[in-house]
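All chains, please: the whole structure from these sequences, using the hints.
What follows is the residue order along each chain.
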Amino acid sequence: MMKKNIVRLMLAFGFVPLAMSCDYDNFDEPAAILEGSVVYEGQPVGVRTNGPQLELWQGGYALEKNIPVYIDQDGSYSVSLFDGEYKMVVKEGGPWVPQLNDTIVINVNGGTTFDVPVTPYFTINNESFQVSDNSVTANFTIAKIVETAGIESVNIYFGTAVLTDQNRNEHVANVAPGDITEGQQTTVNVDIPEDLRDAGFLFVRIGVRATQANEFYYTQVQKIDL
Amino acid sequence: MRHLFILSVIISFFLTACNNDDWLERDPKNIITDEQLWNDPVLIKSLLANYYDRLPALHGVFNTGGMTDIDDAMWSGHFDGNWHNDFQYGDDYGRYWDYGLIRDINLALDNIDEYSIELDEEQKTLFRGELRFIRAFVYFELVKRMGGVPLVTEQLIYDYSGDPTPLQVPRAKEHEVYDFIYTELEEIKADLAPNNSSQTRANTFTTLALESRAMLYAASLAKYNNRMASPITLPGGEVGIPADKAGDYYQKSLQASQTIINSGNYGLYDENPDKGANFYEMLINKGNREIIFAKDYELSLKTHRFTYDNIPRSLTEDNEGSSVLTPSLNLVESFDYLDGSNGTLNYQDGNGAYIPYENISDIFENKDARLYGTVIYPGTNFKSTPVSIQAGVAIWENDNYVFRAAPNLGNQYDDGNLWTGFDGPKDNAQFVSNTGFYVRKFVSEAAGASTRGVAAQNWWPWFRLGEIYLNAAEAAFETGQQAEATAYINTIRERAGFPANSISNLTMEMIRNERRTELAFEDHRYFDLKRWRIAHEIWNGSDDSEDAVVYGLFPYRIVRPGHEDNNKYIFHKMRPTRFRRPRFFRFANYYSSIDPNVLNNNPKLVRNPFH
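Protein sequence lines correspond, in order, to chains H and B.
Quick note on numbering: the working numbering labels position 119 of the first sequence as 1069, and the sequence is numbered without any gaps.
Quick note on numbering: the working numbering labels position 428 of the second sequence as 533, and the sequence is numbered without any gaps.
Don't read these hints as lab results, they were simulated from the structure.
Quick caveat: nothing in here was measured; it's all calculated off a predicted structure.
Note that the Cβ used here is the ideal one computed from N, Cα and C, for glycine as well.
One or more hints might be untrue.
Cβ-to-Cβ under 7 Å is the rule here; a few derived chain B residues that face chain H [claimed, not checked]:
hint, residue
1, Ser113
2, Ala334
3, Ser335
4, Pro336
5, Arg691
6, Phe692
7, Ala693
8, Asn705
9, Pro714
10, Phe715
Derived BS3-like pairs (lysine-lysine); straight-line CA-CA distance at most 30 Å [claimed, not checked]:
hint, chain 1, residue 1, chain 2, residue 2
11, B, Lys709, B, Lys328
12, B, Lys391, B, Lys488
13, B, Lys709, H, Lys1015
14, B, Lys229, B, Lys400
15, H, Lys1173, H, Lys1094
16, B, Lys380, B, Lys134
17, B, Lys150, B, Lys229
18, H, Lys1037, B, Lys488
19, H, Lys1037, H, Lys1015
20, H, Lys1037, B, Lys328
21, B, Lys328, H, Lys1094
22, H, Lys1094, H, Lys1037
23, B, Lys391, B, Lys380
24, B, Lys407, B, Lys134
25, B, Lys278, H, Lys1015
Structure (structure tokens):
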């Protein structure tokens, strides 16, 4: 009986301070969510996974540090934040014109959706893929958005996984920039490499890189059945 | 009464004992005062030794891990270190901001002026010159990684007024930092002449060597940055050198290089008729006339573990370590053949069939001798012992070779001959080469050098004449002096075993390849690719790129009894499993980001582009 009491007493002394001490030393976790997409004319801009980033800054404090915002390959992003006013910077290093000075002010209050407008150097529209006899025919239209931009390269990517881009892919077909007329439909026929023919399906997307940028602008990933 | 007398005598002893001032005013044994330090040349030299020791390098000075990140190699050491094969250059890659060292030097310069009264003027000038050389070296390291940085040349002292703005120095323009380095070096080069016989302290030729390198960097930045589709610049010039400055910088670099070459103080090391061994010894044998400035090591005082890290597996004297840095096939192929042809190895014929070789080293025959001096490849010796590099056996089955590796290194195959060598290579294994190659450069053959207890004492060359020849060639080529440039390159190649005048129509591509092979693993490749502005094309992150991906070449012994090719060797190019992610260099990596804490402390600093 005595022994049991001592054990209970020890448990009580052990747990009570644990329960109490949680009160003061913790901050609330950020509750608000800011989400959206990187868009041009309302259309999300595809990027390389783990590639371009946005940056959030919050003023009003003595010390500042940027909050990096990672962009999903379909162009969407989401960040957990505290409520408040933030400034978003479109950093250099994306397939678009950087916007460093005219920062975008975003008021975050609970769940907030904000689409970040960007100006890509090039866009790719109306892309479609047809499979026939171990080859893929791709139709797409490349449009120049920034007058001074030049096409550095255009690639068609084949991947066995949904994350497919310049750095992660199973096969790349290069399209000579000379074969492309901006604003007009381009048709390219690509042989599927032998080791991919039995895959059953492939993920494909097209990327275009401007001479000014070192990231590609990508179309959304499409799954094609072989 | 008598007691009183004795007591007074004793008391009087105490009174007189206090008389001796000398005894009371002794110097403390655990504190050296400024007056003592700055009037004692021995103490000043030991202080300088500390500063020399702190000279910065990104992956130089036997930094094995760093070399696997940015030179042509991969990490084959412990699996814990495999992030070296699976990483991206982060925004802060190469970040460097050591104003602590700058302040120490500025303080030392002030103190010499203030306290040194017993030194003669010549000594003071020499010490001042050495300090300023180290400072210029640090600024060069800062500018090549961060772009224009604040030029601080005197102590910044806070006056407790509540206003820190006088301490906030803005960034200088990128070219201003290079100009600062040049003027500093020009001012001190004559002062350092008393050190001219030393290879480990700054002297006239060390300053010229730094001039040669720094001015070449400035010149190529001015030229190649402005050739990009969108040059990397900042509006204030903190990053980006105007294109019209290129010619002047090339000229300054060339002049410094020529002064060193024509001085006769240094010579390309050419002692051993075996050109490959000669190239290896050049970096190992201390005191030879090729080395202009080195960081020295000594067994009893200061050692390094580069040999422990990188010695081939079967030759290590320690029970752990070895085989960490393993060069890539791409590097091996970048060494030309001695007849001048491209160095691509002939392991397959035009139809994709393997080419059998009688001896395992035959495929590397007639290659640039520097390949032997840099890389341990199959069929060669290290420490006078043949290395045992063989991936396995190739068995002829169904009209095809099937590769089979042994379960354990050093096993024999059924036919009684070697199956897999004691040095591998073995794919997806640790502490054995994953590429089929080991590094020879800088790995010491001395007894005990590969143990942790003894370790190695070969030195690190900051500057050597070989680099100066290449700097001269590049600067001459860029300023249209084709004949001189060709002569410099051919001299370097002759030392590597090429016949005289092996190149007649020199191109920039050749100069770049020459730097890649001659200076491999000497902390040049990363910065060379950066200043030529081709790093983002070479390391483009693509799985299809031969440069961004590290490949290996695995030798197999043919098992095909009765056939003429039996027991010959074939070579298979492979991509090591442990090499996970192709090298990917983004525009953002041309200049590292500045630490946010530094930016917070000094609002006058502007951020680097892309950061």
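Hint by hint, here is what the structure shows:
Hint status for Ser113 of chain B relative to chain H: violated, with the closest Cβ pair at about 68 Å, above 7 Å. Interface restraint check for Ala334 of chain B: the shortest CB-CB distance to chain H comes to about 3 Å, inside 7 Å, so the restraint holds. With 7 Å as the threshold, the beta carbon of Ser335 of chain B comes within range of chain H, its nearest partner Cβ sitting at about 4 Å, so the hint holds. Residue-level restraint check for Pro336 of chain B is violated (minimum Cβ-Cβ distance to chain H is 10 Å; threshold 7 Å).
Given the 7 Å rule on beta carbons, the hint for Arg691 of chain B holds: about 6 Å separates it from the nearest Cβ of chain H. Because the beta carbon of Phe692 of chain B sits about 5 Å from the nearest beta carbon in chain H, less than 7 Å, this interface hint is met. The interface hint given for Ala693 of chain B is met, as the beta carbon of that residue sits about 5 Å from the closest beta carbon of chain H, less than 7 Å. The interface hint given for Asn705 of chain B is met, as the beta carbon of that residue sits about 5 Å from the closest beta carbon of chain H, less than 7 Å.
Because the smallest distance between the Cβ of Pro714 of chain B and any Cβ of chain H comes to about 6 Å, under 7 Å, the interface hint for this residue holds. Interface hint at Phe715 of chain B: satisfied, since its Cβ lies 4 Å from the closest Cβ of chain H, which is below the 7 Å cut-off. A distance of roughly 28 Å separates the Cα atoms of Lys709 of chain B and Lys328 of chain B; the hinted pair therefore holds under the 30 Å criterion. At roughly 18 Å between alpha-carbon atoms, Lys391 of chain B and Lys488 of chain B fall within 30 Å of each other, so this suggested pair holds.
Of the pairs offered as hints, the one joining Lys709 of chain B and Lys1015 of chain H holds, with about 16 Å between alpha carbons and a cut-off of 30 Å not exceeded. The suggested pairing of Lys229 of chain B with Lys400 of chain B holds, with an alpha-carbon distance near 23 Å, which does not exceed 30 Å. With a C-alpha separation of about 26 Å, the suggested pair Lys1173 of chain H and Lys1094 of chain H falls inside the 30 Å cut-off, and the hint holds. Restraint check for Lys380 of chain B and Lys134 of chain B: the C-alpha separation of about 55 Å exceeds 30 Å, so the hint is violated.
Distance check on the hinted pair: Lys150 of chain B and Lys229 of chain B sit about 12 Å apart at the alpha-carbon level, within 30 Å; holds. For a cut-off of 30 Å, the pair hint linking Lys1037 of chain H to Lys488 of chain B is broken: about 62 Å separates their Cα positions. Straight-line distance between C-alpha atoms of Lys1037 of chain H and Lys1015 of chain H comes to about 12 Å, which keeps the hinted pair within the 30 Å bound. For the hint pairing Lys1037 of chain H with Lys328 of chain B, the CA-to-CA distance comes to about 37 Å; that exceeds 30 Å, so the pair is violated.
A hinted pair counts as satisfied when its Cα atoms are at most 30 Å apart, and Lys328 of chain B with Lys1094 of chain H qualifies at roughly 29 Å. With a CA separation close to 29 Å, the supplied pair Lys1094 of chain H and Lys1037 of chain H stays within the 30 Å bound. Our distance criterion of 30 Å between C-alpha atoms is met by Lys391 of chain B and Lys380 of chain B, whose separation comes to about 18 Å. Taking the CA atoms of Lys407 of chain B and Lys134 of chain B, the gap is about 26 Å. The hint holds against a cut of 30 Å.
Proximity of Lys278 of chain B to Lys1015 of chain H is assessed by CA-CA distance (about 25 Å); at most 30 Å being required, the pair is judged to hold.
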